[in-house]
Amino acid sequence: MSDKPDVWQGTLALMVLKTLESMGALHGYGIARRIEQTSGDLLSVNYGTLYPALLKLEQEGFIKSEWGVSDNNRKAKYYSLTRAGRKQLEKETRDWEQATQILARFLAPSEES
Amino acid sequence: MRVLRALLFRLFGMFAKERRDRELADEIESHLQFHIEDNIRSGMSPDQARREALLKFGGVESAKEDYRDQRGLPVIETLIQDLRFGIRMLRRNPGFAFTAVLILGLGIGANSAIFSVVNAVLLKPLPYENGDRLIVIRQQATRAGVNAISFSVPEIEDYRAQNHSLSGLVEYHNMAFILLGRKEPERVVTGVVSWNFFDELGVKPLLGRNFRPDDEKPGAPAVLLLSYEYWIRSFGGDPTVVNRTFTMNDRIHTVVGILPPVPQYPDENDVYMPTTACPFRSDPQMITTRSNRMMQVLGVVKPGVDFRRVQADLSRVAANLERAYPKEYPSNYGYAVKSTPLREELTHNARPTMLVLLGAAGFVLLIACANVANLNLARMSRRERELAVRVALGAGRARIFRQLLTESLIVALAGGALGLFLAHSGLDLLVAFVSHFTPRAREIRIDHTVLLFTLIMAVVTSIVSGTLAALDAGSARDLKEGSKQITTTLARGRLRNALIVSQVAVSVLLLIGAGLMLRSFLKLQQVNPGFQPGNVLTMRIDLNFSKYNNGDKQRQFYDALLSRIEAQPGVRSAAATMIFPLGESMPMQNDFMIDGQMPGQTSLPVGDFRVVSAGYFKTLEIPIIEGREFTSADRQDTPGVVVINRSSARRFWGNQEPLGKRISTDQGKTWLQVVGVVGDVKQNGLDREATDEIYFPLAQSPLLDASLVVKTTVEPMSIAPSIIELIYKIDPDQPAARVRSLEQVRAESIAVPRLTLSLLGLFAMIALAIAAVGIGGVMALNVSQRTQEIGVRMAIGAWPHEILRMVLGQGMVLTAFGLALGVVGALALARMLQGLLFAVEPTDPATFVAVAAVLAIAAVAACYIPARRAARIEPMTALRCE
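Going line by line, the protein sequences match chains A and B.
Just so we're on the same page, this note's numbering is the position in the first sequence counted from 1, plus 19.
Just so we're on the same page, this note's numbering is the position in the second sequence counted from 1, plus 306.
Read the hints as simulated data drawn from the structure, not as lab findings.
Note that CB positions come from ideal geometry on N, CA and C, so glycine has one too.
A few of these clues could be false.
What the hints assert, rightly or not - For each label pair, taking beta carbons as the anchor points, the in silico distance ranges come out as:
hint, chain 1, residue 1, chain 2, residue 2, range
1, B, F321, A, W86, 29 to 37 angstroms
2, A, W86, B, L313, 19 to 27 angstroms
3, A, E109, B, L379, 25 to 33 angstroms
4, A, N92, B, V309, 34 to 42 angstroms
Unchecked claim - Derived DSBU-like pairs (lysine-lysine); straight-line CA-CA distance at most 35 angstroms:
hint, chain 1, residue 1, chain 2, residue 2
5, B, K370, A, K110
6, B, K370, A, K37
7, B, K967, B, K988
Please build the complete structure, drawing on both the sequences and the hints.
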């Protein structure tokens, strides 16, 4: 369909948490669109995998959901960050930064060559 | 924590599926609507907008499926699905389900039942707090061949003072006393114990208190503890019996407590009293005489000391005693002391039988498994079509394997439930059986260990009986019509035959086991006991010690009673005796001197002493071989006489004429003349050799406690009430106990082999029935699968009887294989039965031949039905079918 890469496995949760942190309560479609926009439309969210991921985060207690009404009067399920979710976000951000730093060092032009 | 929380949510996620599905649908719908609106806003037509949104979302249904997997626990949900489907499949085939559950139920039930016994008797720790540290201590005269000698009071005190390895040492003996203060005088079997007996065992009373040190002080008020069983039996569990008073031995006794329901060792008693309350034990002569040995001794090992060191320690004390009292422990006795863990003491009788039964039950389950495996295989061939469809629709092999195992599991669990029910129903019988071996029988129950065992049995059974079929079904199938793979059918046929052979082999094993027990039991019944048990009534009389406190009074009582009984209508003769044959064994081994024979290096001769009244031999019809029996002319003031049995005559006088020879039981102070020789009697059991018995006349050595034996011309139990009435007339405070006919006594004496035989026989019959059903079933399946072939054979001229013979022949070949295997196995295993057999070799050819015959007949009967059906096949119908 599209040649944009899908969101990598494992990073979707982090992106969802980050999105909810910056945007506040949001429904599923909004979260997906926001992730795509933030990536400068470089990423494409597979909507089919988004909802199981949201459910998993909710089961783990990082986000909570409640039914609400959108601006244009549409009933939708709104997700928001919990306190545990905020902590998890901090932790995952740290982990991720560390991982990218390590990877960057590996990929940097080697000093020998 | 997070993981747990998520798991919990997912567990809940398995419920209220409909509401959750609706919410999910709503959420996805609102997602799509948002997307469509966005698309329209960016200029698409409504149709285009909707299509683009759906496209972007991907498969809605597969997204929902992923979501559901995340919501619940797919593993459990598949399991539930499998269970539902399995139950549906089984309901569609109730014949199979019923047979399989019944067979597994029998197999598992046999194991649960026997395991509940093994668990209670052999595995569980003793229900005493100090159970693992309790030992039984015995004195022995190794050179005289006596290995269980009781202790005297001075000996107990010596061992208590001189040992270093025990934290406690308590004594015990038991007597029958008369308890007064209720409506009728009651004979109570009384355990006489050290005050700390139950404290050392670690048994706390159910009600009231244990004995205290003060209770055992000389002259202390007499107190009683009641055993739980006696309390329930005699007082209906009335708690107000604590603090009530009764009269025993002319003293007031106060009940201070009730014991909990624990196995009692060494005997099952009604009541317990401290040593000072027992008139015999507190007699001054008893307390000071080293050779008055009446007590048994239990010890509690100090924590951390192992049994070997205890034995060494006690042997050291024994050596001290031997040195200090050479007169009491002559060197030709080989004096020694032996300690045995109480646990071993309580269970060693039961162990061999229990292990044999456990093995037999295991074999029954093995047959059941093989049989159900065969049923499963047969069912698979009927379900080929269904399985092929499911494979075609994308079911993986693993999934089908799991599904079929789940079905096995359902069957096995139902079988396990049935097994538990059967085990539970048979529990009372089993307890009665095991109580012949050990007082631990009362601990037998279906507890959580037995439940767990049953569950494990069921799971293992399902795997064993289901795997073959599931593997078989897993082998590739395709849906092509009519592609009947001959090879699969052949392989499956071979598998089925192997299962049949193994069932036959194992049932042969069990049948031979049961057959050997049967032969042994028949031999036991044919044993000539040396007396005539028919029409003899027995009852026990324990005279009141304080009332009948000298020989004259005792003599008078028995004289009066016996003459009145003999005057009763329906009575031919009556006698009193210390013990009667096959009843309670009471070792009364004593040494004595033979006139004219020097003891020399070896110890004195030892014989079993019996005291009987005149008329005893006549009443039991024990043959007089030489001389005469006791008569009323043998009195206290006439010369002392004895009657000996044939074994004694042979052992002590060899070829000499025993009549007129003299013996002495008091180191030669007085001499007793042998006036008669009587036949040997199986005193201690039909399977035991007769001992060297010496009979003394009651008139010359009076008895306090005796048994009556009454030969009747009518049904013996029918005159029991009138005889008890006679006793009351002589002494209204004198109860009689254990009223039984000698025929009953004889039956009880062989109850253990009879019950072992019944259980083994039951197992063997179940095995035989299962195996026969198995052979029949497999032959029937063969016939139905070969309908066409048989039709062809008949069409080209085979006679029905040839077909019949062919099918029967096939069944017989399988049977013969199984029989051969089983016989080989039995030759190897039957040795384990040796200890349970009487006068039968474990390789008894007659048993083997009989078992082979029984099995062959059962197999022919089982194969006859399918064979006859095969012989009646109409060639034309057979060819047209399929």
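Quick rundown of the hints versus the structure:
Separation of F321 (chain B) from W86 (chain A) is about 20 angstroms and departs from the stated range, judged on CB atoms against 29 to 37 angstroms. Checking the proposed 19 to 27 angstroms range against W86 (chain A) and L313 (chain B) shows it holds: the Cβ atoms sit about 25 angstroms from each other. The supplied range of 25 to 33 angstroms is met by E109 (chain A) and L379 (chain B), whose beta-carbon atoms lie about 30 angstroms from each other. For N92 (chain A) and V309 (chain B), the hinted distance range of 34 to 42 angstroms is satisfied, since their beta carbons lie about 40 angstroms from each other.
A distance of roughly 30 angstroms separates the Cα atoms of K370 (chain B) and K110 (chain A); the hinted pair therefore holds under the 35 angstroms criterion. Between K370 (chain B) and K37 (chain A) the alpha-carbon distance is near 25 angstroms, which keeps this suggested pair within the 35 angstroms criterion. Proposed proximity of K967 (chain B) and K988 (chain B) is supported: the alpha carbons are some 25 angstroms apart, at most 35 angstroms.
The earlier numbered hint that this structure contradicts is number 1, and it is the only one.
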